[in-house]
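Asker: Given next are the chains, with one letter for each unit.
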Amino acid sequence: MGKPRISVHKFSSCDGCQLAFFNLGEDLITLAGQVEIVHFAEAGMVAPEAEVKVAFVEGSISTPDDLERIEGIRERSELLITIGACATSGGIQALRNMRGNGWRESLYASPEFIQTLDYSTPISAHVRVDLELWGCPISSEQILHVVSDLLRGVVPSASDETLCQSCKRSGAVCTLVSAGRPCMGPVTRAGCGAVCPRFGRDCYGCTGPVSILNTSSMVHCFEGLGLLPDEVEQRFRMIHSATPQFRKLEESNG
Amino acid sequence: MGNGDDPQFLPLTQLERLLRSLRDAGYDCIGPQLKDGAILYQSLESIHDLPHGLSDLQSPGSYRLTENQGGRLFDWANGPSSLKPLIFPPHENLWRANKGSDGGIEFSSYTPDIAPLAVLGVRACDLAAMERMDHHFLRPEKQDPWYRKRRESLLLIVVNCSHPSDNCFCTSTGTGPESRSGYDLRLHELDDGFLIDAATDRGEEILQKLELSPAAQQMVEEAKEELERAATVQGQAVAVDDFRPIFSGREDDPIWERIAERCLGCGNCTAVCPTCFCHREEKIPTLSLDSSTHQRVWDSCFTAEHSMLHGQPVRREIRERYRQWLTHKLAGWHDQFGESGCVGCGRCITWCPVGINLVAESAAFAVPEEGVE
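Read top to bottom, the protein sequences are chains A and B.
Okay, so the first sequence: first residue is 2 according to the numbering used here, each after it adds one.
Okay, so the second sequence: first residue is 1182 according to the numbering used here, each after it adds one.
FYI, nobody ran anything at the bench for these hints, they're computed from the structure.
Cβ atoms here follow ideal geometry from the backbone N, Cα and C, with glycine treated the same way.
Each hint should be verified, as a subset may be incorrect.
[As the list claims (entries may be wrong)] The list that follows gives simulated cross-link-like pairs (lysine to any residue, SDA-like), each with its CA atoms no further than 20 Å apart:
#	chain 1	residue 1	chain 2	residue 2
1	B	K1280	A	T31
2	B	K1464	A	G154
3	A	K4	B	T1467
4	B	K1464	A	D150
[What the hints assert, rightly or not] Selected chain A positions facing chain B (Cβ under 10 Å, derived; list incomplete):
#	residue
5	T31
6	P112
7	C222
Can you make the complete structure from the sequences, with help from the hints?
Answerer: Here is the structure:
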């Protein structure tokens, strides 16, 4: 049996999550010996039609071209793993889902050359996804975790605890309780290593919602800290505006 | 030895000498310091790093530091850090698997390499919490070697608490504000120095090196008054010590739903609780197929994985998870260990982002239901 073949595909995204592979450092060299990377355009390998064991998919479905490509990739991959906010929830570009494409005309000199769908949607809205890695961007650690499991024949899993759990383990002082900052940690999935709170900054939810969360209590908490409704909305809308769990906001705000 | 009624007096100017004696005796020192807007236990180089003239204001879901005019060093109630990370670290390597030369798997255990550690400024509630952790990790039939090693490396210098926060309730749990046993050295801070006594040989050894004089009777009286004030000033008290009869048959009480409307399910209460000991085991991710390292990591009854059975979480909802936490802490703990799991430190109240108050919530169950005979 040969080495497992993997591919890394890009859809509508900034390429930042693909960098998590490059940032593996020495592990990337080890990985390159253990798997056969058949398609990873940013690293120079181009074979988008190749059949693979695992396809990592970055980016949301945001253009007619995206829509066309994703089904074939699904068919040619045993496992499909999304990487990052765009692929798992629609990403920052899903902000347009709320206001339509009207912004295009005011931002671009020749909007007629831009072809986008009305909505930016996650990969899971179109094809079956086996595992989602949340983050904006994802970390090298998350890649390592998944590949480490795959190489041992274990079904990979991703973190599903609140950011607060990893924040407290790191010994960081809670920015919400000690400084009244509107930290999204209690509704956010761990995975980033609590990098913002460890440097005194309130979490802005880039790793997306944890599976069981209490959005309305978080909203009331932020209101209690003095945030206006618009400011509360911006906390939830920043990275994962289209994710259903954060969209419960409308109900919470009445 | 151990005669708290007959303490010696350590002038403030001599406190640095205490620190030096500890170092000379081979201890690394940890003490409370201002860091990131809170008072945390950190490696202590000099007594000048102690939180001079600082106090705290705590309320449900809020912690703020304030400056005071008194200039004492221990005029504050506990911050988020307890002894827990020192005896039960958030991550601890337990064992390793290596591919053997014959193709089999060889297992080996990690032995932590731990230097003797003196902790200055431990409070009575945290001492009580550590004793409760002992009852779990040092059960005679199943001792945890990692915990044991860390536990035995500690020299504990408690400072009686004269500044409980509004969230404290150790008087009602019988765990403070005065430390009565379990310490090596005990201090009581006064304006110009400390009453000091020892309760163990190790503590006595350090104390003798300081060559101090007995404290004046007036100082002892002053300390007693301060402790009485600290005990009576606490604004809240747990309804009872053993909640088993109160929680019994109340699994579906609407109170749980009411709490769950506010509870974020974040698990901060369990992380700051000095007696919460739940953990999971994880393999440190690695691409190497020749070896793997396995560590235990703090877990929480608020995570889905915690109640996973046959691939499904038994406790899906926040309501069930909060119920599990509170009933274990105040009732189930009695079944397991013959005592409550709560020591009245108030951390779960302060560090809950939405300020859910264990004392008030548990009291709601203790109030007789209307119309019920």
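Asker: For K1464/B and D150/A, compute the direct alpha-carbon distance and say whether it is at most 20 Å.
Answerer: 10 Å, holds
Asker: Would you check whether T31/A satisfies its interface hint, that is, whether its CB is within less than 10 Å of any CB in chain B?
Answerer: 5 Å, holds
Asker: Does the structure keep K1464/B and G154/A at a Cα separation of 20 Å or less?
Answerer: Given that 20 Å is the threshold and the Cα spacing comes to 14 Å, the pair holds.
Asker: Should the interface hint for C222/A be scored as holding, given a Cβ-Cβ cut-off of 10 Å against chain B?
Answerer: Cβ of C222/A sits 5 Å from chain B, so the hint holds.
Asker: Against chain B, with CB atoms and a cut of 10 Å, does the hint on P112/A hold up?
Answerer: 42 Å, violated
Asker: Hinted pair, alpha-carbon criterion (20 Å max): K1280/B, T31/A. Please report holds or violated.
Answerer: Distance ~18 Å between K1280/B and T31/A Cα, so the pair holds.
Asker: Quickly compare the C-alpha distance for K4/A and T1467/B to 20 Å and report which way the hint goes.
Answerer: With Cα atoms ~17 Å apart, K4/A and T1467/B stay inside 20 Å; holds.
Consistency note: the structure conflicts with earlier hint 6 alone.
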